[in-house]
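Asker: What follows is each chain in one-letter form.
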Amino acid sequence: MPLLEVRKMTHYFGGLRAVNNYNLAVEREQVRGLIGPNGAGKTTIFNLITGVYHPTEGNILLEGEDITRLETNQIADRGLGRTFQNLRLWRYLSVLDHVKMARYSKLTYGLAGAFFGTAKRVNEEKATDALAMELLELVGIPHLADQIVTNLPYGAQRRVELARALATEPKVLFLDEPTAGMNPEELIQMMDIIRRVHREIGLAIFLIEHRMKVVMELCEIIQTLNFGEVIAEGTPEEIRNNPLVIEAYLGKEVVL
Amino acid sequence: MTTISASWPTTRQRIRAALSKLWQPYRPVPLLGWLLAALVAVGMEQLVGLPLARTLGMSKIPALFGALVVLDQPALIPSVLLFLILIYILPVGIVARFTAPFTNKIAARLVSYPLVITAVIHLLLLYAVLHIWCDISDYRVLVARMAMIAIILTLSLNVVNGYMGEFSCSHPGFMALGAYVASVFTLVFFVSENQFGEALVPPALGPFLFPLALILGGLVAAVGALLVAIPSFRTRGDYLAIISLAFMFIVKSLFENLEIVGGARGISNQPNYASLPVVFAWTVLAIWIINNFVRSTMGKALNAVRDDELAATAMTVDTRKTKMTAFLFAAFWAGVAGGLFAHVLRYINPDSFGIRKLAEVLAMVYFGGLNSVTGSIVGAVGLTMISEALRPLEIYKWIIIPIMLILIMIFRPTGLIAFTEFNVERLFLPKDKAPEGAEDATA
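Quick mapping for you: the protein sequence lines, in order, are chains A and B.
Heads up, the first sequence is in the working numbering, so the first residue is 442 and it goes up one at a time.
Heads up, the second sequence is in the working numbering, so the first residue is 2 and it goes up one at a time.
Simulated from the structure, these hints should not be mistaken for laboratory data.
Backbone N, C-alpha and C define an ideal beta-carbon position, used for all residues, glycine too.
Among the clues, some could well be false.
Computed cross-link-like contacts, DSS-like style, restricted to lysine-lysine with a CA-CA straight-line distance of at most 27 Å [what the hints assert, rightly or not]:
(1) B:Lys106 <-> B:Lys22
(2) A:Lys612 <-> A:Lys547
(3) A:Lys561 <-> A:Lys547
(4) A:Lys612 <-> A:Lys654
(5) B:Lys22 <-> A:Lys567
(6) B:Lys322 <-> A:Lys547
(7) A:Lys561 <-> B:Lys322
(8) A:Lys449 <-> A:Lys561
(9) B:Lys106 <-> B:Lys398
(10) A:Lys612 <-> B:Lys322
(11) A:Lys567 <-> B:Lys322
(12) A:Lys693 <-> A:Lys654
(13) A:Lys567 <-> A:Lys612
(14) B:Lys22 <-> B:Lys322
(15) B:Lys398 <-> B:Lys253
Here are a few chain A residues that face chain B, going by a calculated C-beta distance under 10 Å [stated by the list, open to error]:
(16) Lys449
(17) Tyr453
(18) Gly456
(19) Val493
(20) Asp518
(21) Gly522
(22) Leu530
(23) His539
(24) Ser546
(25) Arg562
(26) Asn564
(27) Pro583
Put together the whole structure using the sequences plus the hints.
Answerer: Written as structure tokens, this is what we have:
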């Protein structure tokens, strides 16, 4: 049984069919990629699987359990963590608070603890602090813990998002263009971090990328999407040589 | 080569430097020192205040640090200033400065005790200061209580408008619910000879059961808040503001048409249970609980919902529960504040909870600072004081206060003290530790 399975998922925005008959099977500890031209529906697929939209048809199963109709926060709690294409950080919260916030559903002290500052709350917050610091160390920014995120450089903000997604204890981590807008140096650091995270936590990763270098080096299996449909699926080598993929990216050769 | 003119301080920098130099000796004064100094000052006022005021040509002690005199009898301003310097500024300055080594030693010792004990000691001192200060006149007692009620209201509104970033206008409605429920409760149970008949319980029990009335009022307000909280799941911003404004008017017309609670005439003769210590205790409780909440990860979820709701929900935050909690929690405290308000004034009518009350409490929140407990306290106390000072202007004060608010919005859009965390532990610490190396060298 695959860790995460998507069966025959189709989604319409009004009359527009954004995703058509999409299938996916992510195995444990697998790194998968999703590529495709702009507007192919990559982010829509992420949003559908993580519950931001609910698909018109089809099912999403996590460890055999149907999560299609659950709310985003419940799906996140079950083990689908994600980052966003355009950073979605909380403007006035510190880096540490970002990571701690992703532990929301794991906190058990409840409102009584929040209101009255019980011993249980104090202990849990301390434990969460420690865990958040560990994650910040994993992504290499423990020294920025007390900073407000808006003061950070772009690369560091990306890392905060990654640490935050990891704090939800994901079984599958969804990365939506993790290296978008990065310079070559930051890119290499980010790839190192993704590899380290994969090695140390041992989770499955599903990522959208535009840079072929990143996809080809990191992913075991790549899907190519065009107009909401998967047109090719296979190892990096197979995808690189697939005529359909080349056509989707570069267009058809026209004989004049 | 750097330009010479760049190294010349501007007037503003020079003033800042001078002020900072003046403040230098007071840096190592812990909170305990300031409280002790304030105690001395109010004690002096109690002992020699009246003769001094008479000598300076005033008929009585200036009630609100002279705030009332400024517009009423401008000729007295110099004597008021002299009075303030002799009674408040000089004693506080001298005592705070010269007891600093002593108070720091005590503060250092208190650190090793549990926080509760330290907090209680500070609060007792603070209350003593307040009590002695209020002993001078009944007017002070009234203003102090209204200021503290304003603190509860402002803080609770800040939870929704500041911490969660919604623009809720329903606070006077919640306050009205709390005020009416608490009033009816005390009038039915503890007061004879009114529209509700004889007292059901011996009136002597009243003061002890008064918290029950307040909590009941708070709970009813929280139930009312459901009407605003549920639409907040689907809509934000302007639309929610309009819904909450509608709620306020619904509550107001409800009480205007409810003859059993006096209709537009309102209810009066509430028992005098909201005395200074009672209001003080409730204010401390409210600050403590609200501050606990907003500093927890559960409470910071409000910020996450405000800054990016999608990101919050993708990070396992239950946004519905968060919004519900914020609205109900804020409404509860508004209800409690309403109950206290009714028992301080001992007369309420639906008009007390209208658009003017809304303007007042919104002004306090935005003046003091969004997302900040300290800001709310400053805003509530500050605006209560300003409002009293402008009283001689009567209705024109409602031109001055909005203009002030507009200026604040232009120059400090988030308020005076915004986006800070109120760290109670740090508040009580001794203050002489900063230049540690220097101190060790001299020892």
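Asker: Could you run down the list of hints and mark each one as holding or not?
Answerer: The hints, checked one at a time:
1. B:Lys106 <-> B:Lys22: Roughly 24 Å separates the two Cα atoms, so the pair holds.
2. A:Lys612 <-> A:Lys547: With Cα atoms ~15 Å apart, Lys612 (chain A) and Lys547 (chain A) stay inside 27 Å; holds.
3. A:Lys561 <-> A:Lys547: holds (13 Å)
4. A:Lys612 <-> A:Lys654: Satisfied, since the Cα-Cα distance of roughly 25 Å is no more than 27 Å.
5. B:Lys22 <-> A:Lys567: Given that 27 Å is the threshold and the Cα spacing comes to 39 Å, the pair is violated.
6. B:Lys322 <-> A:Lys547: Answer holds: Lys322 (chain B) to Lys547 (chain A) is near 15 Å, not above 27 Å.
7. A:Lys561 <-> B:Lys322: holds (21 Å)
8. A:Lys449 <-> A:Lys561: violated (45 Å)
9. B:Lys106 <-> B:Lys398: violated (47 Å)
10. A:Lys612 <-> B:Lys322: Holds, at roughly 25 Å.
11. A:Lys567 <-> B:Lys322: Holds: Lys567 (chain A) and Lys322 (chain B) sit about 24 Å apart, inside 27 Å.
12. A:Lys693 <-> A:Lys654: Answer holds: Lys693 (chain A) to Lys654 (chain A) is near 23 Å, not above 27 Å.
13. A:Lys567 <-> A:Lys612: Measuring from Cα to Cα gives roughly 24 Å; hence the hint holds.
14. B:Lys22 <-> B:Lys322: violated (50 Å)
15. B:Lys398 <-> B:Lys253: Given pair Lys398 (chain B), Lys253 (chain B) holds - Cα atoms ~24 Å apart, limit 27 Å.
16. Lys449: violated (25 Å)
17. Tyr453: violated (21 Å)
18. Gly456: At about 24 Å, which exceeds the 10 Å cut-off, the nearest Cβ of chain B leaves the hint on Gly456 (chain A) violated.
19. Val493: OK, holds: Val493 (chain A) within 10 Å of chain B, min 7 Å.
20. Asp518: holds (5 Å)
21. Gly522: Constraint on Gly522 (chain A) satisfied, holds at 8 Å.
22. Leu530: Holds, about 7 Å.
23. His539: holds (8 Å)
24. Ser546: With a minimum Cβ separation of about 4 Å from chain B (threshold 10 Å), the hint on Ser546 (chain A) holds.
25. Arg562: Holds: closest Cβ of chain B sits about 6 Å from Arg562 (chain A), inside 10 Å.
26. Asn564: With a minimum Cβ separation of about 13 Å from chain B (threshold 10 Å), the hint on Asn564 (chain A) is violated.
27. Pro583: violated (19 Å)
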